[in-house]
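Trainee: Chains as they are written, first to last, in this note's numbering: chain A, 1105 to 1313; chain B, 4 to 801; chain C, 98 to 431; chain D, 7 to 301.
None of these hints come from the bench; they were simulated from the model. Heads up, the beta-carbon is just placed ideally off N, CA and C, and yes, glycines get one too. Warning: the hint list may mix true and false statements.
Only pairs whose alpha carbons sit at most 20 Å apart, straight line, appear in this in silico SDA-like list of lysine to any residue [as the list claims (entries may be wrong)]:
| # | chain 1 | residue 1 | chain 2 | residue 2 |
| --- | --- | --- | --- | --- |
| 1 | C | Lys185 | A | Glu1231 |
| 2 | C | Lys185 | A | Glu1279 |
| 3 | B | Lys156 | B | Thr176 |
| 4 | B | Lys282 | B | Ser59 |
| 5 | D | Lys107 | C | Phe377 |
| 6 | C | Lys148 | B | Ser711 |
To list a few chain D residues with every Cβ distance to chain B over 12 Å, as calculated [stated by the list, open to error]:
| # | residue |
| --- | --- |
| 7 | Ser18 |
| 8 | Leu22 |
| 9 | Asp153 |
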Amino acid sequence: MEKLDLRSRVERSVSRRTFIKGVVATGATVSAGAYVLRSSGASTASAQGAVERLVTLRVNGQDRRVDVMKQETLAMTLRYKLGLTGTKIGCDRADCGACTVLVDGVPKYSCSLLTHQVRGAEVTTIEGLANGDELHPVQQAVVDEAGFQCAFCAPGFIMAMVGTIQESPSLTRDEMAHALSGNLCRCADYPKILNSAMRAAEYMRSTTA
Amino acid sequence: MADFKLIGQSFAPQDLVAKITGRAKYAEDFRAEGMLFTKLLSSPMPHCRVRSIDYSAALELEGVVAVLTPDEVPQEEHPFEPALTNEPVYEGEPILAVAAVDEVTAANAIELIRVDYEPLPFVLNPLDSLRPGGPDANTGGNVYNGREITTLKWDQSVFDGVGPDQMPIGPGTEEDQWEYGDLEAGFANADLVIEETLYCQSVSHHPMEPRTSMAYWQNGKLYMHGSAQSTAQARRAIADRVGVELDDVFFIAEYCGGGFGSKIRGSVLEVIPALLSRKAGRPVMMRITRAEETMMGRARPGMLGHARLGMRRDGRITALDLFLVQDNGPYSRQGDSSTSGDVSALGYTPEAMRASTVSVLTNTPPRAAQRGPGGVQIVSMLAPVVSRAARQLGVDPLQVHLVNAPNHETEFGRGPYPITSAYVTEALTQCGELFNWSERRQRSGQRNGSKVRGVGMALSPYYGGTSGWDGLVVIRPDGKLYIHQGVGNLGTHSVVDTAKAAAEALDFPWENTEVVWGHSSRHLPHSSSQSGSQTTHAHTRANWVVGEFAKTLLQELAALELGGSSSAYQVSGGRVFGPGGSLTFAQAAERAIARGGKFDGHELPEDINDMTRTSATALAGQGLVAAAKDNLPHTARTYSFVVSMIELDLDLETGMHEILNVTSVADCGTVLNPRSLIAQGNGGVIQGIGIAQSFKWAIDPTWGVHLSKRIEATKPPTMLDIPTELIFAAVDLPDPQNPVGSKGIGEPPVGAGAGALVCAIEDAMGGQHPSHQPLTPDKILSIVENDCLPCGRLETHV
Amino acid sequence: MAVIHDVMPAYELFQPTDVEGAIALLNEHGESARVLAGGMDTWDWLKDRTKRVTALVDLAGIQELREIRATADGVDIGALAPLSTVVKDPEIQQNYSVLAEAANKVATPQIRNQGTIGGNVSQDTRCWYYRAGWPCYRAGGNICYANTPASLNREHAILGADRCVAVSPSDTAPALIALDARMVVQNRSGEREIDAATFFIGPGTDIEQMTVLRTGDVLTTIRIPNAWSGASFYFEKVTDRKSWDFPLVNVASALRVEGGVIQDARIAVGGVAAKPLRLFRVEQAIIGQPANEETAAAAGELAVRGAEPLRLNGYKVPLMRNLVKRSIRGQETV
Amino acid sequence: MELFRRALNPWSQEVLIGVSWTLLYVAVVAGAAFVIGHAVYAAFIAKKEVPPTEEEVQRAAPGAPEQVERHTLVSRISHWILAVAVLTLLVTGFVPILGLKFPWVTIHWIAGLALAVYTVFHTVHAVSKRSLGSMWISFKELGEMWDRLKLVTGKDGPEPPKPGKWATENKAFHHLTMFAGLAVVATGLLMMLRVDTIFAPANPYILSDSAWGMMFVLHGLASVVFVGAIMVHIYFALHPEKHWITWSMIRGWISRRDYAWHHNPSRWPVAPKSVPLKGVKQRETPTPSATGGES
């Protein structure tokens, strides 16, 4: 029987029914201990060329072995498999920037990257900046400027600052605003965040000089 | 003014390092053994009745643990808002929740549920409901009269001959109208009478952190991790909603990723993980998605209205006749429309005024107070009307504001209500100087290619504080002062800044002070919620009072221990000293414990709240425990004021604008923490600018279904939509009814920012008042090209 | 069955390392497979459960597709090159700055770091009715929810509509059209090159597709000829917000002006039709004319001839007119 | 096999959006099967009919002219307009579904409008010429059709009499296409309201979802029926045995021999001096009256 359900349109030929069957079939292998995303049974068999589920991620300078579903985003792996809850999920749709992390030094939204896409890359999260109790210069700058209010956006903003300043340490205030325009702050603490970023650039310049 | 050591200094709050290292745990950051996840089945239509639900297939799905239905959650008569319902009154209202071992399973289970819905008539635009025979959002009626739901339909004649983009003016509800002075005489005495249709859109709160929560039960007690603007008040609300005793609820909310009024007492949705967890016998995490936050989170009520304003040649406003129809949403009565009346009465002190409002129920997302509720709407709607009148009479808008400015003696509005203080003239003057108003004003209307310069300003009064809450401090044998705060930690820094009043009263060094907050097991007092700009005022008072009380206890203790009269002892620098010698706080704490009674919390004042009593009792014997209720006089209403001025370039070929300067000055009494004030002030101003610029929502008129469920579509302001620097200052003059002179500042900046931006655009457009926010390029171009708004009718959800 | 628009369902993920491998996988899985580039369009569909796939073929591992190479005749941009790489590429910045400028206006820095140029031109329309999963024409149904007497269609088409009134959201597309770019598409039967202007299609041609790409096709390279190298360029994008926004209307132009007279011209406009429109008629009309205000104004008027606005998008007519005008005379009146 | 296409409307309610396009293939297969079956039958099984001799013709239709008018100029022109419209509609309607995409909507509704105009004209014309009766299928004719079928399938039975002006099969075809045509025209006209046309801007909310669902189902079913019917129709038009009819739709007349051979002159009497082709005006041929010709 074909029943075209347009609202959840299977890309043309795979029917919803097939899909649900698949879920029922794989539901049997749900493991306890898995959080939001289940740790096994996403698909019945690994097809040729398909990715392996058990991967090694390099996060904050450490190699972490982790079982990752095919559809799992980096934000979820960080938060629910690696315990790195500093990375926040504000929208899960690349609309807010709270989940920004560095992938090989480049700021990206971890909600919009599959974990499997960062195998072999160096991932840095907010937890990876400070050295023990010694804050990263960018964090220090934020403290000195008392940046952020509710601070749910702060980890994402700070990662964007780190990535930006590492690449271009001498941006003007306008350029910095452009570089940080992929992060939303609903408290709208933008002027103070920019102060922090400018101070951070100054600190970074002096540490590298 | 007293010479303060802590008040007026900039401090970074002590939780900042945790926040910026990722160590601060918000609700979704907690884990518990065996934790389940829940997904919600929500209403696909704006108003319907669930005829039947078949979730058997969902329960059969491997990994699904429990299903929670409306029959299992407390249901009361409308307008009580249940956590799950069989008669959804807005699209996206939750009907059923599934708990499963993971979210994929829970979501897949939702897809296996069969629901039979009976669609019911629905209404999105309040005017539609007021038409004869128009639909009602609720089976009980369509409008609020005071707090009662009743039915109001206007006569067809109200609508006859009214253009599609004009406001029909029918009768308001009885409880919601007032007037003072001789309105007709006021208009007769005016040199100009101006009439405008008013419009302000509904906007979601959209805090960065959705209202996620996690709950579990241990030994019959509920542990709830949530996101709230108050620990004390949210805990109370959870107990009420779930139906358990206050003492059986532990609420953990050390950090709140933004609320703006949408999480004042937490969230009604917290009932779901609480009850699911009890049913499943396992912890349950309910992650709220952004789309759900758009629907089930809260929103500011939009308004449609009409203003008739009389102005004399000198700028004095002689009469104001205000008519407002509020889009109340489906549930509890929103106070915005009545606040709008008060705010305009205070901001412009018209010689005569009438305010008539109707609050209409609609099948749109539930509303709640949003930072400056009512104030933002009316300032952004009315400021351009005043500005336009000033233009027509050839008076400078700043002059108009000065002429009409309230002062300490002003009594305003429905009361009329006296106010504690108003340094509005000072604020206007200071802002004019900082902004260089007269010089920038010269540039108004200057053309540069397709760009036109616009300069605008607005004054935004807002209620600035409550009183009568409790303070609770403990001086422990470690020599530290522990200040317990039941307010939330919204990031306004007021959880810390108001604690300084207690340290200030005790003249105690800040380094040795610990602020205790965010976890109800930490024994918190009965505190206000962090909303309504009340915290600063309410808790500087409560903490000052409890600090003074602790000081008295220390003096009495010292007198008992060291001899002499208590009044001969002084408290400063962590010591109490006098004729008989001195005690450090550490020593005092030990002596207090030894003496017991009123010194260590075993005897407490009569007038404190039960919650404070329970907390203080639990702390009893751990040091010098002081609990006190704020009984200081509060004989008038406390109001704060912000004036904002904006200069911008409007491109008439694209409809886009570039803001060049934003300068604001506040009258918020004594400044507690200058850097936090500037952040709060500018943040509020930017939020207001955003509402006037681009922030909005969209609901399809035919289906009543939300189309802008994501932030990308609702468009709150980004860093590039404002200048990289904004100026915010304060007159810094003390309010006489606050021991440290402070008044609240959370809300008034929003209206000022929104109003100033609308006025600046109105100015750039040569006095054309685009009465339809947000002022996106489509509206600007439509007015420039066709002298009309694009939609052609007063639609409330575009 | 109840509907939930959340949580990405399961699928198989493939990460081939060469184009041939990717094509083989796409053919193997047919229409239930989807190509993944930066994912900035894909995730919405999958997370919302409005489209489902059984296989996702991630092209990010194909190194050659990420590179930008200067060639003898211009520059070859790998389709998987992130937009930020395009923005920063010195050759593009110097000789084809209109593309760098357009790419730099896309969304946000993080999206530009992740989103690719191939994805930017191949992305689906942002019509909110369609993306909400409503069964409209584009979704295989028989209604356009955006074109009714009550629709919220401020963002929709004023030109070229055929039942569907969705618009092209791409910022780089008009720039590529202005540069006479060619799209190199590879599939099982080989490689073909398509002119940028014909790469995009309207609803009349295929109401369910935005481009000529079909199952099994991989857009591998965007080839910029040197024909317009160093021409005088213009790009402008009008939005509600200055970050994170799709264009209400955008415009890109390339002009060759000698002695104050327009020798040759390319003008393309986005956000007004289902495909980015190359304004052939306007180009023809301005060639040989002096590059001045009158020419620009006349071009603007000509550009919007035949526009049919919907309920809420009438403003797009003057907006497109003004942008076309500015694309010839610059932002300020000379 | 699912007969209908359904979708979830914005309220997640299941609504009909049309017939399953599998039905198109069913119609094509059915049409092809009939064509092949008939072709095989005609080529190998059916007894070859021998044309009547001149004598037999003379005996059967003594007064008939050389050229017996079958279709007036007006009806011929309208038939060919109809043919063009229907073919256009089928091509523009179905080819995109088959995968060849092109901007078909405008052509489709214009052709549909032509069909609608034809329908109105044809109805008015038929009513005004009082020729409705000639299309009536009587019980007797049904019986004769049954007898003929029996003969064709090799069973014994009486040889049914020849038809009058219109063979029962022709009439049945006409009625089938008439009902299908009325359905597509009525639904199609309403469906024009769903897209922007020169007459009105799109307004799909004029009817409810379920009413529209029925419209689409009806339109789809009728169109699919058309596909099968037109296949058979064209097949017969091209079939050598039926060329005399095809020619009559071009020239307007049939020969006296075909008249006598295929028709029953008593059921379709023609005036002796009737002048075909130019005889449109003075045609006095009594069409077999409102009584249905015979009986």
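Trainee: Compare the distance between the alpha carbons of Lys185 of chain C and Glu1279 of chain A with 20 Å, and conclude whether the hinted pair is satisfied.
Mentor: The given pair, whose Cα atoms are some 14 Å apart, holds under the 20 Å limit.
Trainee: Take a quick look at whether Lys156 of chain B and Thr176 of chain B sit within 20 Å of each other, Cα to Cα.
Mentor: With Cα atoms ~11 Å apart, Lys156 of chain B and Thr176 of chain B stay inside 20 Å; holds.
Trainee: Hey, Lys282 of chain B versus Ser59 of chain B, does the alpha-carbon distance stay inside 20 Å?
Mentor: 17 Å, holds
Trainee: For Asp153 of chain D, is the shortest CB-to-CB distance to chain B above 12 Å, so the non-interface label stands?
Mentor: Asp153 of chain D clear of chain B: closest Cβ-Cβ about 54 Å, beyond 12 Å.
Trainee: In terms of Cβ atoms, is chain B entirely out of 12 Å range of Leu22 of chain D?
Mentor: Answer for Leu22 of chain D: holds, closest chain B Cβ roughly 17 Å.
Trainee: Hint check: Lys107 of chain D vs Phe377 of chain C, CA-CA at most 20 Å. Holds or violated?
Mentor: 24 Å, violated
Trainee: Checking the smallest CB distance to chain B, is Ser18 of chain D really beyond 12 Å?
Mentor: 4 Å, violated
Trainee: CA of Lys185 of chain C to CA of Glu1231 of chain A, is that 20 Å or under?
Mentor: Since the Cα atoms of Lys185 of chain C and Glu1231 of chain A sit roughly 30 Å apart, the hinted pair is violated (cutoff 20 Å).
Trainee: Just to be careful, I want the Cα atoms of Lys148 of chain C and Ser711 of chain B compared with a cutoff of 20 Å; is the pair within it?
Mentor: Judged against 20 Å, a Cα distance of about 19 Å means the pair holds.
Taken one by one, the earlier hints fail for this structure at numbers 1, 5, 7, listed in ascending order.
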